[in-house]
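Colleague: Here the protein sequences line up with chains A and B, keeping their order.
FYI, the numbering used here numbers position 137 of the first sequence as 137, with every residue one higher than the one before it.
FYI, the numbering used here numbers position 147 of the second sequence as 147, with every residue one higher than the one before it.
Since the hints were made in silico from the structure, they are not lab data.
All C-beta atoms, glycine included, are put in the ideal place defined by N, C-alpha and C.
Treat each hint with caution, since some may be false.
A few chain A residues that face chain B, going by a derived Cβ cut-off under 10 angstroms, partial list only [said to hold, decoys possible]:
#	residue
1	Val-68
2	Leu-71
3	Val-194
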Amino acid sequence: MSVGPILERCRAEGRAALVGYLPVGFPSVEGSIAAMRVLVDAGVDILEIGVPYSDPVMDGPVIQDAAVRALAGGVHLSDIFTAVRAVSDAGAGALVMTYWNPVLRYGVDRFAGDLKAAGGAGLITPDLIPDEAAPWIAAADSNDLDKVFLVAPSSTPERIATVTAASRGFVYAAAVMGVTGARASVGDAAEALVSRTREHSDVPVCVGIGVSTGEQATQVGRFADGVIVGSALVRCLTEADSEEQGLEALGALARELADGVRRGRP
Amino acid sequence: MTTSQAPAHGRFGEFGGRYVPEALIPALEQLEEVWHKAVVDPEFVGELERLQRTYTGRPSIITEVPRFAEHCGGARVILKREDLNHTGSHKINNVLGQALLTRRMGKTRVIAETGAGQHGVATATAAALLGLECVVYMGRKDTERQALNVARMRLLGATVVPVDNGSKTLKDAVNEAFRDWVANVGTTHYVLGTVTGPHPFPEMVRDFHRVIGVEARQQVLDLVGRLPDVVCACVGGGSNALGIFHRFIDDASVRLVGFEAGGEGVESGKHAARFASGVPGVLHGAYTYVLQDDDGQTIESHSVSAGLDYPSVGPEHAYLLDSGRAEYQPITDVEAMEAFSLLSRTEGILPAIESAHALAGAMKLGRELGPDAVILVNLSGRGDKDVHTAAQWFGLIDDDGGTRLPDDPGAKGMGEQL
Numbered sequence: 001m002s003v004g005p006i007l008e009r010c011r012a013e014g015r016a017a018l019v020g021y022l023p024v025g026f027p028s029v030e031g032s033i034a035a036m037r038v039l040v041d042a043g044v045d046i047l048e049i050g051v052p053y054s055d056p057v058m059d060g061p062v063i064q065d066a067a068v069r070a071l072a073g074g075v076h077l078s079d080i081f082t083a084v085r086a087v088s089d090a091g092a093g094a095l096v097m098t099y100w101n102p103v104l105r106y107g108v109d110r111f112a113g114d115l116k117a118a119g120g121a122g123l124i125t126p127d128l129i130p131d132e133a134a135p136w137i138a139a140a141d142s143n144d145l146d147k148v149f150l151v152a153p154s155s156t157p158e159r160i161a162t163v164t165a166a167s168r169g170f171v172y173a174a175a176v177m178g179v180t181g182a183r184a185s186v187g188d189a190a191e192a193l194v195s196r197t198r199e200h201s202d203v204p205v206c207v208g209i210g211v212s213t214g215e216q217a218t219q220v221g222r223f224a225d226g227v228i229v230g231s232a233l234v235r236c237l238t239e240a241d242s243e244e245q246g247l248e249a250l251g252a253l254a255r256e257l258a259d260g261v262r263r264g265r266p
Numbered sequence: 001m002t003t004s005q006a007p008a009h010g011r012f013g014e015f016g017g018r019y020v021p022e023a024l025i026p027a028l029e030q031l032e033e034v035w036h037k038a039v040v041d042p043e044f045v046g047e048l049e050r051l052q053r054t055y056t057g058r059p060s061i062i063t064e065v066p067r068f069a070e071h072c073g074g075a076r077v078i079l080k081r082e083d084l085n086h087t088g089s090h091k092i093n094n095v096l097g098q099a100l101l102t103r104r105m106g107k108t109r110v111i112a113e114t115g116a117g118q119h120g121v122a123t124a125t126a127a128a129l130l131g132l133e134c135v136v137y138m139g140r141k142d143t144e145r146q147a148l149n150v151a152r153m154r155l156l157g158a159t160v161v162p163v164d165n166g167s168k169t170l171k172d173a174v175n176e177a178f179r180d181w182v183a184n185v186g187t188t189h190y191v192l193g194t195v196t197g198p199h200p201f202p203e204m205v206r207d208f209h210r211v212i213g214v215e216a217r218q219q220v221l222d223l224v225g226r227l228p229d230v231v232c233a234c235v236g237g238g239s240n241a242l243g244i245f246h247r248f249i250d251d252a253s254v255r256l257v258g259f260e261a262g263g264e265g266v267e268s269g270k271h272a273a274r275f276a277s278g279v280p281g282v283l284h285g286a287y288t289y290v291l292q293d294d295d296g297q298t299i300e301s302h303s304v305s306a307g308l309d310y311p312s313v314g315p316e317h318a319y320l321l322d323s324g325r326a327e328y329q330p331i332t333d334v335e336a337m338e339a340f341s342l343l344s345r346t347e348g349i350l351p352a353i354e355s356a357h358a359l360a361g362a363m364k365l366g367r368e369l370g371p372d373a374v375i376l377v378n379l380s381g382r383g384d385k386d387v388h389t390a391a392q393w394f395g396l397i398d399d400d401g402g403t404r405l406p407d408d409p410g411a412k413g414m415g416e417q418l
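Between the sequences and the hints, there should be enough to build the whole structure, so can you do that?
Modeller: In structure tokens, the structure reads:
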């Protein structure tokens, strides 16, 4: 089921949606699913379920580290669907975020079918642009899945038009030029990019990369339809001394972020 | 992605494409536009030709190697001497072109990945020549086995960043270069060192190296009076191979044979033979053959040669394989080092270990084809950078770098290898 209705509901509540990212398989498959449930309980509206990949060129050190450890721990692509089912059952939107090669290897149509069957909403594809995505677009359309493509501060009006026209669910606006990871401030570039994107389309625009605190969630939530947080959440798990402590830190940060998006538009 | 249709923009058959983050698309579009305009601009073409002539030392010569050829079934073996270029390999051809484009784009900083260090050295050289800031990413493992090239790059004013992620080799250096590029694309051009990556890199890098084959074809005609039967080249990413192959593609009688790093043997799993055991997939922006597992995770490659130690290969090679125009064979570490030793001792030419894979291939093909055959080998680089690796391989130095004398029982000596 599309994440569209979730974003509409948040909009009706006068707030941005909170979108949280975690990779499957860290600290273990079960451990990552438990962490995703903690996020949903804490008020995360949409989960980005990350596929650990050996060559994550869009990710900074925190997510790279988690991916390396997840892969070393033996996570497999099939575990993704277990996590999707769990998140969907917990009541949040379940989007899978993946580099393209794992999907290609699995088979694009087969992946789309299995994702749909597990209750997944769709895919976020950080290294797949619409121009190269014909097989995925066809598979997504026939399975009624969301296609979340990205825009960046460097995107020209022509590129924004191409990306928004191909996107369903939302458009992922990269707040800064660079890889994933917390930033001290999420610059004006993000707000400008959101408004440039809205000139082309009514599809919701969620902002990610760099957001790590409730205060930043508030700030971004004022102008975006959704606030995406990844590395800051992952770090709660990778830096924890124990799984329990990791889940505790994760829940606390997610509650802070959930409060943050609710304070955005008084 | 069907092959029956005309190839799409930026593709070789079904291979190639542009699988990168959206943030980089404007830079790739700009690069493509600036490149297309430059190659028809007499000023750009003239400056590149001048640099090739007065800086690189082009045209590079060809050398016939009869003493080496005795070990190649008596076939005539002719080397295209890219090792004699300034900086010691073919890499300078591409780098000068891209450095000039960097200046045209108004960018002030270049970044590069490097495996053996040859592309990093070439990039550092061009950056020094044109006054550009230069940062080179290099896997930690490669900085150790190619320490001399690290020092060379630093002497040329470049910053060398060792990469500790993943396999700590070329693939991870490419990842890190992409990360830098996404963050700094406004001021920075990524001087990609081979014929892979997102469009337009595979086509552009090939065209900057095409001069190798253009020169060699005429040189062989002048020397032998006919085209060679086979053109041999080693294939890591595949830039020297495409550089020498491309002018021969329409010469149907000429076999084009690329030699991949077979490492410890394809059956050992420790190799970089993408065509022997890889399957098509996406890595570093291109759809091509990739060493990968059933989940689409990249499998680490292995080779004695840092420059061939890469789990993917240029997409045009994938197309040449699938279309049947070129063939690819693995050469093991042992075979390559034998050829390295043989050329050194029979001809007084120390080849790069990368290029030694092509020499080992010529030895096999020559024995197959016999004395009537003419084999052109791209000697893509010189072996100065490999002296340490080779000396260790042949037991000429101990693990601490000390000399082993011939009466030392641990010293194998190169003579005994032959």
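Colleague: Now tell me, hint by hint, if it's right for this structure.
Modeller: Against the structure, the hints:
Proximity of Val-68 (chain A) to chain B holds as hinted, the smallest CB-CB distance being about 8 angstroms (cut-off 10 angstroms). A hinted interface residue such as Leu-71 (chain A) counts as satisfied when its beta carbon comes closer than 10 angstroms to some beta carbon of chain B; here the least separation is about 7 angstroms, so the hint holds. Evaluation of the Val-194 (chain A) hint against chain B yields a violated restraint, the C-beta minimum of about 15 angstroms exceeding 10 angstroms.
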